[in-house]
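J.: For reference, the chains in residue letters:
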Amino acid sequence: MLRFEHVSLSYGPQKILDDLSFEIQEGQMAVLIGPSGCGKTTTLKMINRLIEPSAGKIYINGENIIDKDKVDLRRHIGYVIQQIGLFPNMTVAQNICVVPTLLKYSKEECDRIVRRMLDMVNMPYEQYAHKYPSEMSGGQQQRIGILRALAASPPIVLMDEPFSALDPMTRRSLQQEVRSLQQKLNKTFVFVTHDMEEALDLADVIIFMNQGKIVQMAPPEEMLAHPATGQIQDFLGKFINDPSPKDLTAADFMRAGVYTVSASRGINECVSMMQRRNVDTLIVVDDQKKYQGTVSIADIRLTGHVVKTIEPLIRCNTPTVHAGDNAKDCFDLLISSGASYLVVLDEEERVDGIITKTSMASAMAEQLWG
Amino acid sequence: MSIHDLPAALLQHLMFTVISVAIGFVLGLVLGILLSRKPSLSGVVLPILSVFNTIPGIVFIGLLFLVWGSHLATVLVALGIYATFPVLKNTYAGLISVDPQYIEAARGCGMSAGQSLFRVELPLAMPTIIGGLRMSTVYTVSWAVLASMIGLGGLGTFIYAGLSSNDNGLILLGAIPAALLAFVLGSLVDLLQRHVVPKGMRKAGEHA
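Protein sequence lines correspond, in order, to chains A and B. First residue of the first sequence: 18, per my numbering; consecutive thereafter. First residue of the second sequence: 6, per my numbering; consecutive thereafter.
Excised from the complex, chain A in its bound form:
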């Protein structure tokens, strides 16, 4: 439907657009997005030749637009701008019919179009057709701006940040209207915005630009799942789903890097280690670092004088979980077992970390307040 082939634009040594190639399918809503100055509006204005590329070709339905008469081309491409640009000297009806009038439609045909258009956005003809733009709110004006673009039923509609000057409520309702109009009329829309929420809501395909280049072109779901660069990720920001609380695992809740001792260590060494670290139990592992159990200071005091190493004193009464286990189950286990911590093991039964009430609380706080 709409194809860019190696389109570039430079003013002197400055490259505004750098070798753009992409294709938009018929009936798609394509959204151009990126930081300001990335060339998205310039790209849009090339489609109706308000700006001409310095290199490359643009095709609409297989026809190179450079071969067409500029003025005629524009009459067959809808155009909505941010500042709305309704002509203040014309009524709503006259504004809607600007393009049909230029195309020399009959008066009756124009009147039919006005009625049909106003009907589409639920603005009664009697009430609005003969109003002047200055008598309407910004939201109503931009509705008419969109109708003006659609009036001659062009196959392509260009929208240059059409809602960025409107309040959030009006913007929402106009976005929904544009979405439903686009689906109803099955037209190709190219929409420029800097608002990622808008892009995700409206787009069939998002084209992310930066410094005159396309960084990523993908459907919203794919962009959310696999943002190509850190910058896109920043733009997506809050829209990338945080892991929901249900998906949290023991690994999210544990404190990593815990100290372990080997079972062959002597009693005295372990006692001094406990004192130094101010703990009352030690986690014991074997030569392969596999989890064996724990020794407590109480056991050492009771029977420590009859053994040399801690091996006979190892107990397996501390509950263990695996790193991938559900966090909620770990929480329940920690509370119900009465143990002061859980030992978290990886797949090879090696110690990964421990879950204490403190590590759990701080992980929850992280979830809650970010």
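Misleading hints may appear alongside valid ones.
[What the hints assert, rightly or not] In silico lysine-lysine, DSBU-like type, Cα no more than 30 Å apart, as pairs:
1. K32/A to K43/B
2. K85/A to K43/B
3. K204/B to K121/A
4. K204/A to K85/A
5. K87/A to K201/A
6. K148/A to K204/B
7. K43/B to K124/A
8. K43/B to K87/A
9. K43/B to K62/A
Think of the hints as simulated: they come from the structure by calculation, not from any bench. From a predicted model like this one, the values you see are computed outputs, not experimental measurements.
Chain A is fixed; fit chain B onto it per the hints.
T.: What follows is chain B alone, placed relative to chain A:
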């Protein structure tokens, strides 16, 4: 010179004014439009016109009289040129100050340069242009007094006769109708203003 000559002189004066303003309006409008299409030229053209504008009308009419002699054309051309300036300046200013969003919308809708000018830019600049016409009309009424200086009649005849014979009554007989004429023509332009200013651009409360 008596009050009986007044109607004829008034008519003569009115004729000078209307024809000159008509010439000036057309000339000013066309030149203003041309200048607004090439704003880079205005940096050169407008200062030159301003300098020209400061030449007193009496000097210009005198010079033109020396070249052309005492003809109706001498007066009409001189007054017409003077009447051009306010219209030209205001047309240029009005067109230049049209909000670019409307011009972009017009281009984006597929209007040719001419369609954009006549359907959008001129209507939007109309209040300013008519303001120029008003200025031009009121000035021309007073400049037309100079016509009598080269013996072509109008209300100036009374004023010059009064001045030379030290007759204050005669001066007032010329001056008061001239002032009234300026007032009446100015009001007529105001009336015109209400009709040509696009409805949607009139201030609230003015809607019929």
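J.: Each hint needs a verdict: does it hold in this structure or not?
T.: Now for the hints, and whether the structure bears them out:
In summary, the hint linking K32/A to K43/B is supported, as the alpha carbons are separated by about 28 Å, within the 30 Å threshold. For the hint linking K85/A to K43/B, the alpha-carbon distance of about 26 Å falls within 30 Å, and the restraint holds. Distance restraint check for K204/B and K121/A: the Cα-Cα separation of roughly 24 Å lies within the 30 Å cut-off, and the hinted pair is therefore satisfied. Between K204/A and K85/A, the direct Cα distance comes to roughly 21 Å. Compliance with the 30 Å bound is thereby established for this hinted pair.
Straight-line distance between C-alpha atoms of K87/A and K201/A comes to about 28 Å, which keeps the hinted pair within the 30 Å bound. For the hint linking K148/A to K204/B, the alpha-carbon distance of about 10 Å falls within 30 Å, and the restraint holds. Note on K43/B and K124/A: the hinted pairing is violated, with a Cα-Cα distance of about 36 Å set against a maximum of 30 Å. Of the supplied pair hints, the one linking K43/B and K87/A holds, its CA atoms being roughly 21 Å apart against a limit of 30 Å.
Between the alpha carbons of K43/B and K62/A the distance comes to roughly 23 Å, so the proposed pair stays at or under 30 Å and holds.
Of the numbered hints given earlier, the model fails hint 7 alone.
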